[in-house]
Amino acid sequence: MNKILAVALLDIRRLGFGVLSGALIAGLVPALSRGVGGNVPADFIVMMALGVVGLAVGGNFGTDFTDGRASFFFARPLQTPALILGRCLALVVLATAAFVAVMSSHWLSTSDRTHWDFFILTWWHLAALGTGFSLSLAGSLNVASRVRGDRSPNRLRDAILIPVRLTLYLSAFILVFGLFADILVRAYQSPTPMKLFAGSWVVGLFIASVVAIVAGRADRIRISRFQSLVVYTQLGLTSAFLVGAWTYILHPGPAAIQRVLFVQGSPDGRSAFVQTTVDRGDPGTLNPVFVLDLASGQARRLNSDPWGGPWLSSDGRTLVWSEATPFFFRPIWRLLGGATTLRVRDGSGDVQPLSMPAGVNDGFQPSAIFGGMVDVVQPSPQGDVFAVQWERRLAFFSRSRGEGPEVKLGPGKARLRGSAFIASGDLRVALVREGASPSLVEFFDIDPNSGTLKPIDSVEAGERRNLTRVQFNSNATLALLTSSGANMARASVTLVSLDTAAGFPRATTLLTDAASPRAIFLADGRIAAVSGVRDQSVLKVFSPTGQPVRDTALGEGVSSLDGEMFPGLVAIDHSGSGIRRELVLLDCTTGSAVRRVPEMRSPLGIAAILGPGQIPPPGTAGARLLQSDGKLFELPSVTAEPRLLLPLPKTE
Amino acid sequence: MTSQSVVRVENASVRYNKDLVVDSVSFEVAGGSVFALLGRNGAGKSSLIRCLLGLQRPTTGRVLVFGEDVWKHRARLMARSAYVPEACDAPGQLRVRDIVAFHRSMYATWNEGAVRERLNRFGVSESAAVSALSKGQRALFTLALALGNRPELLVLDDPTLGLDVVARNDFFSDFIGELADRGTTVILTTHDLAGVEGIADRVGILQGAHLALDGDVEQLKMERGQSLEQIFTEVTKGSGRKS
Numbered sequence: 001m002n003k004i005l006a007v008a009l010l011d012i013r014r015l016g017f018g019v020l021s022g023a024l025i026a027g028l029v030p031a032l033s034r035g036v037g038g039n040v041p042a043d044f045i046v047m048m049a050l051g052v053v054g055l056a057v058g059g060n061f062g063t064d065f066t067d068g069r070a071s072f073f074f075a076r077p078l079q080t081p082a083l084i085l086g087r088c089l090a091l092v093v094l095a096t097a098a099f100v101a102v103m104s105s106h107w108l109s110t111s112d113r114t115h116w117d118f119f120i121l122t123w124w125h126l127a128a129l130g131t132g133f134s135l136s137l138a139g140s141l142n143v144a145s146r147v148r149g150d151r152s153p154n155r156l157r158d159a160i161l162i163p164v165r166l167t168l169y170l171s172a173f174i175l176v177f178g179l180f181a182d183i184l185v186r187a188y189q190s191p192t193p194m195k196l197f198a199g200s201w202v203v204g205l206f207i208a209s210v211v212a213i214v215a216g217r218a219d220r221i222r223i224s225r226f227q228s229l230v231v232y233t234q235l236g237l238t239s240a241f242l243v244g245a246w247t248y249i250l251h252p253g254p255a256a257i258q259r260v261l262f263v264q265g266s267p268d269g270r271s272a273f274v275q276t277t278v279d280r281g282d283p284g285t286l287n288p289v290f291v292l293d294l295a296s297g298q299a300r301r302l303n304s305d306p307w308g309g310p311w312l313s314s315d316g317r318t319l320v321w322s323e324a325t326p327f328f329f330r331p332i333w334r335l336l337g338g339a340t341t342l343r344v345r346d347g348s349g350d351v352q353p354l355s356m357p358a359g360v361n362d363g364f365q366p367s368a369i370f371g372g373m374v375d376v377v378q379p380s381p382q383g384d385v386f387a388v389q390w391e392r393r394l395a396f397f398s399r400s401r402g403e404g405p406e407v408k409l410g411p412g413k414a415r416l417r418g419s420a421f422i423a424s425g426d427l428r429v430a431l432v433r434e435g436a437s438p439s440l441v442e443f444f445d446i447d448p449n450s451g452t453l454k455p456i457d458s459v460e461a462g463e464r465r466n467l468t469r470v471q472f473n474s475n476a477t478l479a480l481l482t483s484s485g486a487n488m489a490r491a492s493v494t495l496v497s498l499d500t501a502a503g504f505p506r507a508t509t510l511l512t513d514a515a516s517p518r519a520i521f522l523a524d525g526r527i528a529a530v531s532g533v534r535d536q537s538v539l540k541v542f543s544p545t546g547q548p549v550r551d552t553a554l555g556e557g558v559s560s561l562d563g564e565m566f567p568g569l570v571a572i573d574h575s576g577s578g579i580r581r582e583l584v585l586l587d588c589t590t591g592s593a594v595r596r597v598p599e600m601r602s603p604l605g606i607a608a609i610l611g612p613g614q615i616p617p618p619g620t621a622g623a624r625l626l627q628s629d630g631k632l633f634e635l636p637s638v639t640a641e642p643r644l645l646l647p648l649p650k651t652e
Numbered sequence: 001m002t003s004q005s006v007v008r009v010e011n012a013s014v015r016y017n018k019d020l021v022v023d024s025v026s027f028e029v030a031g032g033s034v035f036a037l038l039g040r041n042g043a044g045k046s047s048l049i050r051c052l053l054g055l056q057r058p059t060t061g062r063v064l065v066f067g068e069d070v071w072k073h074r075a076r077l078m079a080r081s082a083y084v085p086e087a088c089d090a091p092g093q094l095r096v097r098d099i100v101a102f103h104r105s106m107y108a109t110w111n112e113g114a115v116r117e118r119l120n121r122f123g124v125s126e127s128a129a130v131s132a133l134s135k136g137q138r139a140l141f142t143l144a145l146a147l148g149n150r151p152e153l154l155v156l157d158d159p160t161l162g163l164d165v166v167a168r169n170d171f172f173s174d175f176i177g178e179l180a181d182r183g184t185t186v187i188l189t190t191h192d193l194a195g196v197e198g199i200a201d202r203v204g205i206l207q208g209a210h211l212a213l214d215g216d217v218e219q220l221k222m223e224r225g226q227s228l229e230q231i232f233t234e235v236t237k238g239s240g241r242k243s
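In the order they appear, the protein sequences are chains S and A.
Residue 27 in the numbering used here sits at position 27 of the first sequence, and the numbers go up by one each step.
Residue 242 in the numbering used here sits at position 242 of the second sequence, and the numbers go up by one each step.
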């Protein structure tokens with residue numbers, strides 16, 4: 001114990017004056033910064049001061065070796081653990097003294113006693129102290145071992161090895177931090193893994209230093225060798241761990257699915273795109289999408305977690321999603337010519353990259369990492385042309401002809417609210433414009449080749465900021481505008497004819513409501529809508545021209561329209577306090593309930609938001625899906641029992 | 001190892017990467033004797049001294065001090081030994097009294113009175129910072145520290161390097177006085193052949209990484225009819241640091 005104290009005293013005597021005077025000056029910083037209008041918090045100053053104390057004490061080791069002073073300790077009857085413990089004790093004493101000095105100085109200079117207690121200290125302060133100590137110790141030992149260690153320089157060998165080593169270091173750095181960053185961004189957006197990762201390196205460097213001191217004593221080559229051995233071993237283990245973790249966490253199979261979050265049946269009705277939580281990663285962050293073949297039950301994960309999408313062509317054959325390209329590697333990706341983060345799977349099943357429009361920011365920037373890259377991609381039925389919307393801009397990209405011109409949506413900023421490719425090959429769009437009438441919805445056809453806009457019509461439909469949905473029918477000759485209005489009394493559903501040859505009124509208000517209504521096109525052209533507040537909901541059926549056909553009261557509770565599950569049968573989600581949730585299949589012709597399925601709802605309601613032609617035809621497997629408590633079922637027929645599809649049953 | 005041997009070096013080699021600086025060196029130092037390890041600059045003397053102190057592990061071979069492997073039992077064996085490096089290794093910003101206090105905690109056999117008496121005799125102020133001492137004072141201060149624990153083995157690595165004649169004489173007179181008082185075993189390296197000639201019992205000369213000569217000083221001088229300096233010159237002629 002005497003020897004530990006002796007070492008500690010030596011360090012305290014060596015560093016005490018510098019540390020205390022520095023801490024006293026540091027304590028004045030908040031007062032000085034206020035004088036010039038700045039605001040430096042006291043706890044930040046304390047953290048910096050403790051970090052500097054750590055750096056100073058840790059650096060003593062290396063300085064001793066560099067100055068040839070190692071023998072002062074090791075040629076005395078002083079055990080190595082006593083030397084290390086003594087310096088750790090000095091670290092604690094000097095840190096305490098520095099803290100008291102900073103706070104005293106701060107208190108005297110600002111007359112502010114609110115921070116004058118030990119509760120200002122957090123784990124971050126201790127981390128700063130330990131990090132400073134470990135980094136400085138490892139760094140100074142490394143410098144010491146390099147200064148005089150190499151007694152047989154070989155210029156030719158160095159000329160060859162240095163670039164090789166630098167390349168290896170850079171590769172290892174990119175690998176370790178890139179994989180880790182990718183895991184963090186895609187699977188764990190919480191500080192805990194970062195703390196564990198950084199902490200493991202701080203501890204690793206401390207251990208490497210201790211091992212180097214114990215193994216080398218005064219032999220710089222041995223210090224370097226053992227320090228390198230530990231650091232590279234840790235680098236190797238960390239790399240292996242991260243490669244394993246990256247592979248395991250970010251590439252789950254169907255068996256890993258735990259909950260089904262979002263389901264979209266493909267327009268061809270044969271498959272479903274299922275966003276899930278899996279048995280790894282943070283359930284709020286890692287949500288891989290699987291393509292489920294409804295006939296075989298086989299599920300296949302998409303190449304990468306889609307950051308956006310999936311978006312489908314109206315024939316269901318072409319699928320587009322935007323990938324979270326491993327974000328740390330994105331600059332390298334760009335250098336290699338792979339700036340895309342879009343992927344296309346066509347009817348053949350092949351997955352191909354799709355270039356981003358030049359204006360899309362997919363670079364190494366936070367906005368690109370956390371979404372906001374692409375809002376919607378609309379594939380044409382043939383799967384060759386893609387309309388890409390982002391940040392209120394629109395551009396076309398053809399797989400055969402390359403990127404087309406960016407469409408000028410002006411004047412002013414315009415926001416696309418709906419789009420669909422029509423038979424002529426043009427893209428029909430509905431947009432609202434900043435600075436124009438707040439309820440004005442403008443319809444245009446856009447030529448993908450030239451980017452020119454051909455006006456069709458404009459309609460006043462509620463208030464723009466509350467226009468909740470624009471839906472097109474299958475050939476985009478009709479549009480349904482749903483608006484919740486500035487207040488509930490002005491909510492409305494408006495049918496707009498975009499085919500002037502049809503001869504019926506251009507815009508027809510189907511209903512106004514106090515609640516937020518929902519309406520859909522039925523496969524036979526009719527329109528179904530649910531309106532009305534709790535206990536007063538009504539299913540309204542209209543003819544294709546907008547004439548009222550039948551009203552059906554939906555009884556007590558809250559009822560919402562999910563979609564058309566079987567031909568002529570709509571799925572109503574029925575719930576409410578004291579009422580058991582159930583899915584009701586209602587016949588739109590007779591108004592009668594033909595089936596009640598408890599604890600279930602149809603995902604058609606969410607899928608229908610995505611646009612025209614993307615809803616699987618009623619009666620197909622894609623339309624017969626049900627969701628309940630994170631599980632996905634299929635309703636084989638109107639009368640059969642639901643069949644569990646996902647999660648896959650566990651095999652013992 | 002003979003019963004009188006305090007130090008025994010067995011086939012010790014020291015290698016820095018591909019540079020072999022000590023190659024299979026073996027020798028023994030009997031208790032109470034003075035062994036002078038000589039060699040030209042870069043001959044490997046300091047590396048061998050570090051091995052003797054347990055500061056450095058020989059690449060091959062081993063070094064026994066008081067019959068024990070000094071690499072494995074360094075701290076225990078250093079309690080019976082003392083080391084005087086070629087340059088004072090105490091932290092320069094500390095005061096002499098701080099360094100003395102540190103040594104007091106290190107050694108159970110510390111003789112504070114003798115140390116103070118020596119410092120007083122050398123004119124070294126206890127309140128002075130180590131860095132403020134002259135080169136000669138620092139050498140004498142280091143010697144005073146080394147002798148403070150009454151060592152059974154004293155290892156000196158060219159301690160008079162760069163000292164003027166007066167300081168060198170002071171150093172050796174005190175050193176010889178200590179040897180006369182006690183039966184301390186001494187191993188020293190030096191380029192001061194004239195200074196060592198009067199005190200060394202045996203001499204070993206390193207040349208080309210090997211121990212080229214190992215023998216009794218007086219016997220060698222008598223057999224060859226040469227002074228120690230002449231013997232050294234003859235043995236090391238043409239050798240030197242290769243790298």
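There could be a bad hint or two in this list.
[Unchecked claim] A partial selection of chain A residues facing chain S, derived with a Cβ cut-off under 7 Å:
#, residue
1, Leu55
2, Ala90
3, Asp98
4, Phe122
Hint data in this document are derived by calculation from the structure and do not stem from the laboratory.
Think of the CB as a built atom: it goes at the ideal place given N, C-alpha and C, for glycine as much as any other residue.
Hint compliance check: list the failing hint numbers for this structure, sorted ascending. When the structure is compared with the hints, only number 4 turns out to be violated.
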